[in-house]
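With the hints as a guide, bring both chains together as one complex.
In order, the protein sequences belong to chains C and B. Residue numbers for the first sequence follow this note's numbering, so the first one is 1 and each next one is one higher. Residue numbers for the second sequence follow this note's numbering, so the first one is 398 and each next one is one higher.
Derived by calculation from the structure, the hints in this document are not laboratory data. It cannot be assumed that every hint is accurate.
[Stated by the list, open to error] Partner residues aside, some chain C positions facing chain B, computed with beta carbon under 10 Å: (1) 14; (2) 17; (3) 21; (4) 23; (5) 25; (6) 26; (7) 224; (8) 228; (9) 390.
[Said to hold, decoys possible] From chain B, some residues computed to sit far from chain C (all C-beta separations above 12 Å): (10) 410; (11) 461; (12) 554; (13) 561; (14) 570; (15) 574; (16) 620.
For each residue, glycine too, the CB sits at the ideal point set by N, CA and C.
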Amino acid sequence: MSARQLGFGGQVRAVWRKEILDALRDRRSLLSALLYPILMPLMIAVVFGAVAQLEGSERPLETPIVGRDRAPNLVAWLEERGVVVLDPPADPDAAVRDGEVDLVLVIDEDYGEQFRSVEPAVVRIVHDSSRTASLSSIRRTRNLLRAYSSEVALLRLLARGVSPGVMQAVRVDDLDLATPAQTAARFFSMLPMLLILGSFVGGLNVAIDTTAGERERQSLEPLLVNPVSRTALTAGKWLTTCVFSLASAWLTLAAFLVMLPFVPLEQLGMQLSLDGPQLLLMAAAFAPMALFASSLQMFVATFARSFKEAQTYVNLLIFVPMIPGMVAQVYPLQPAGWMMLVPALSHQLLLIDVMGGEPVAAANLAVSAVATAAFGCLFFALTSRMLRQERIVFGRG
Amino acid sequence: MIEVRNLERRFGAVVAVDGVSFSAADGCITGLLGPNGAGKTTTLRTLYGLLRPDAGAVAVDGIDAVADPLGVQRRIGVLPDAHGLYVRLTVREHLRYVGELHGLDTATIAASIDSLVARLDMGEIIDRRVEGFSTGERMKVAVGRALVHDPPNLLLDEPTRGLDVMSTRAMRDLIRQLRADGKCVLFSSHVMQEVSALCDEIVIVARGRAVARGTPDELCRRAGEEDLEDAFVRIIGSDEGLQ
Chain C
1 MSARQLGFGG QVRAVWRKEI LDALRDRRSL LSALLYPILM PLMIAVVFGA VAQLEGSERP
61 LETPIVGRDR APNLVAWLEE RGVVVLDPPA DPDAAVRDGE VDLVLVIDED YGEQFRSVEP
121 AVVRIVHDSS RTASLSSIRR TRNLLRAYSS EVALLRLLAR GVSPGVMQAV RVDDLDLATP
181 AQTAARFFSM LPMLLILGSF VGGLNVAIDT TAGERERQSL EPLLVNPVSR TALTAGKWLT
241 TCVFSLASAW LTLAAFLVML PFVPLEQLGM QLSLDGPQLL LMAAAFAPMA LFASSLQMFV
301 ATFARSFKEA QTYVNLLIFV PMIPGMVAQV YPLQPAGWMM LVPALSHQLL LIDVMGGEPV
361 AAANLAVSAV ATAAFGCLFF ALTSRMLRQE RIVFGRG
Chain B
398 MIEVRNLERR FGAVVAVDGV SFSAADGCIT GLLGPNGAGK TTTLRTLYGL LRPDAGAVAV
458 DGIDAVADPL GVQRRIGVLP DAHGLYVRLT VREHLRYVGE LHGLDTATIA ASIDSLVARL
518 DMGEIIDRRV EGFSTGERMK VAVGRALVHD PPNLLLDEPT RGLDVMSTRA MRDLIRQLRA
578 DGKCVLFSSH VMQEVSALCD EIVIVARGRA VARGTPDELC RRAGEEDLED AFVRIIGSDE
638 GLQ
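This is chain B alone, in the form it adopts within the complex (with noise of 0.2 Å):
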């Protein structure tokens, strides 16, 4: 369970977030649609500990990510915007570094590591060292690394970046199969088709505001346009007339 309220952070004079509300359910999966630039980094960023919001706030589980980050961090698995590996280290001493720092035993992260590698497909890269490795390869990393501890509540920053169609496919049924778990799923996408094929929920973000959220039936009918995307940019652009 994730919860934004009234979100507002600022970089210098640029407003990144302004005020953005929403939650994340258990059991579903929620997309941040928007733009490039629209804020939707930066709320993660703040939801997984790393950024400080100047007002609002931000809760996983309850727990307010200002006040104990730790404790988010805790109940959270994330696909960071950067996702950098370590070319030196195999996928599992990978995952095993993430298993440790969340301070799981030694046969705890091994049993997590044989179900990882069969749910990711990983079982040839798993004893190799990441350099050389393919977008694909890399991707799958970065997720592994986000699940290795079972985490209740997953964020992810636009997770089919740069990966091709098989490799998309394969996360969408990755993330389908993480809301059947009863997982909260959170991921941010500029992807229209992405969001529409996988989210319960949508919300889509322009210039740091929230502004439309509903199933993807309920934003068409709101908008009165049949396709999400016709949709999305009457959304976008009649909140730009309100201006």
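Bound-form chain C, shown alone (with noise of 0.2 Å):
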């Protein structure tokens, strides 16, 4: 009858179309396309406002002390420094191991006497460093009670007319050099990773669906019994994963765009300036990604026998653009030009870069980008040849 023959272009597009409607209709599609991208970014904002809060500094010190009386002038001295002098609990070690209060100082019984004999007067801090929620008031009454020491030290000493010099056989002077925003760049690492997970989980599941769930539900014969080219069935079922991958990638980056005003950066002693054009940059990026994670995922669940099989091993592949990320983390890498040819690497180095707010060169993005669609290619030609093969299509038992 009328059926005219179909350019590959309809082919691809007929394809597409249905999978698309199929994915969009697939609970698991969604979720791992929509939950990951908004769940991992919010798991950082509230891990970094936690962060944030351990190591407020304006929060104040509230330090209950058993037997103030013996000390006026170090307490005088405290609550000048903002210190809040809280009556001491009745049992200070019951109070510190239950964790009512981050600590208890505790003023020898000597102190007044010591003090007056110039011997090194005794003040206890009772403490329990195992909880990490205590330790920032801890380190903060130490280095005070530290200064108030020094400061005693000193005038004592330049009343029996010594130079204060003495005491200080080595000066150390703090230069760090990393300015903010690339402090700021190193803790925003896990952005790039973020974003490169979302390009593997995004997809997953449709590119198992497509594939490996379409051979499971003995659909893929019927299929094959259509007028179609292997390489157009494998193009419009890339694609749709291609759109999910993607969308993932970039709502990931929208929903830490979102929840970035809600991070107290500032008291982490961090900035993270994104600009436009910036932002437009690491979007683009995660378009070769796309077809990277895509093709390699089809290619994976195309290959394996089952469905559940096929889940295994896509699963596992989630972990491989993690290992930069990871030995960056421990080791830092010294990037170089071989690293731009790698999907992942090189997306890991190029948005730190972004994000410190440094030039990227436009030669390292033009590699990567054509590296990272050339490896996609290559998988996606890997997959369409594999569903030419009959132990494929018809599975190895």
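Structure representation (structure tokens):
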């Protein structure tokens, strides 16, 4: 009858339309594309918020002191520096152990005597170092006490006509060359990893469902009896997976930006400024990434013997692009030219530059995009070639 | 018009099809009859281009299935051995997909679906998602998929498998209707009654060979039996005796 021969583009379009419809109705595919991009940045924002609270110096230091009458000068000095002195709990040890207070300062009974006779006067900090939440209070208290001790010692030396320099053999000056933006970028090196993960998680279920799932449902044979080239078939499925992968990466980025204002960056001594062009650059860098992640996942899922096996393989695959990021956390990578050829690794490096406010070499960007897209096309070609093999179509039992 | 000549196909050491030859004419119902594992499905799969023959030739309307599988696929409608559906799509979406893959325009697809709804009695299910369909309903979708592009040749692999009496009768009526439309219908079955009730021509396949062919009456006469089932057993049995 009137069946005209369908061109390659028309075939791809027909497959794409069906697969998009199918995937949009698949709760699992939607979840993996939508849930991750919103949950992960949210989790990071919460963690950052908690870290900021631990580090927060704005919070007044509330310190219960036992025997405050024995050291009125010290207590007055502390109060001058913003310490809120509280009445001590009945049982300081128990209170610290139960986490009711961060620490208790105990002024020794002989403090006054020791102070007057110029012996080291004893002040005890009762604390629990296994409690992360109280570490900051302990550190601040200790620093304050140290400062008070040197101040008094200094006055005593001056009173005896000795230069205070005698007490200080070495003076340590800190000169931190890292700009706040760089520190922030290092801390935010999580973002590239999040986005790379987003690309992999987003299309994961679609990649499996359109390949291993198609065979497991026994719908592959009826599909292949239609006059459509295997290349067009694979391309339609690939494009569908790419849409989910890219949407997931971009959603992750968007969710991150939405949550950024709620993270107290300044409190952590960091600043991160991303302007429009930088954001577009980051977003664009993930288009080739989606091509790569999708075809790699489809290749692995097509190779698998069953849906379950495909799930196992593709889920394990997620860890592969995380390796460069993890290595970079422990062992800072020296960026080298060849790294731009490696998908995920090049994205990690490029994005750290972008976030650090450093200019990104156009050549690097181009090499990364071309190399990543080329790997994507390679796995696409391998997948559509596999689909021509009888043992893949009918399973290998 | 379907032609199979000296078709051979092995899977490793197993010879699935060992020199099968037959032809199926337009306006005729041809049945491939044989026990399980006789090579029926393998023969059909080489015809619709999913398996490559080791030797011999398969052709549909003069088009070689090895040289031009897409050309063959444009001229056939297939109910394959495996006919899984997409649980999240409606019946209409299934049929539209196949229509689109065959390059039909929207209006042609819509008209074709309307006529299939009437022929297969799918009025109630046409816009339902296929999840939870009964075997009969699923078979209707699968058959609809084979017919939506109105192909001149039909390859049906065990079209009544799993169907109840009513559905089986409906399927027989449909196959007769296709013959009346002048189609070339080739179907496989291991159910004797099925084949004897429908076929103009029967090809008996056993252990990868076409051991006999003819009308039901001719086969009975040749075997000296009155009943086709007895003729079938005798034909296969005598073949065994020859080896």
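To see whether the hints hold, each was checked on the structure:
1. 14: Holds, about 4 Å.
2. 17: With Cβ-Cβ at 7 Å, under 10 Å, it holds.
3. 21: Interface hint status for residue 21/C: holds (7 Å vs cutoff 10 Å).
4. 23: Status holds, d = 9 Å.
5. 25: It holds, given that the least Cβ distance between residue 25/C and chain B is near 4 Å, below 10 Å.
6. 26: 6 Å, holds
7. 224: 6 Å, holds
8. 228: Where the cut-off is 10 Å and the nearest Cβ of chain B is about 5 Å from residue 228/C, the hint holds.
9. 390: 6 Å, holds
10. 410: Correct as stated: the minimum Cβ-Cβ distance to chain C is 15 Å, above 12 Å.
11. 461: The claim holds: residue 461/B sits with its nearest Cβ about 15 Å from chain C, beyond 12 Å.
12. 554: Incorrect as stated: the minimum Cβ-Cβ distance to chain C is 10 Å, not above 12 Å.
13. 561: 21 Å, holds
14. 570: Fine: 22 Å to the nearest Cβ keeps residue 570/B off the interface.
15. 574: 17 Å, holds
16. 620: Check passes; 35 Å lies beyond 12 Å.
The structure does not agree with numbered hint 12 stated previously, though it agrees with all others.
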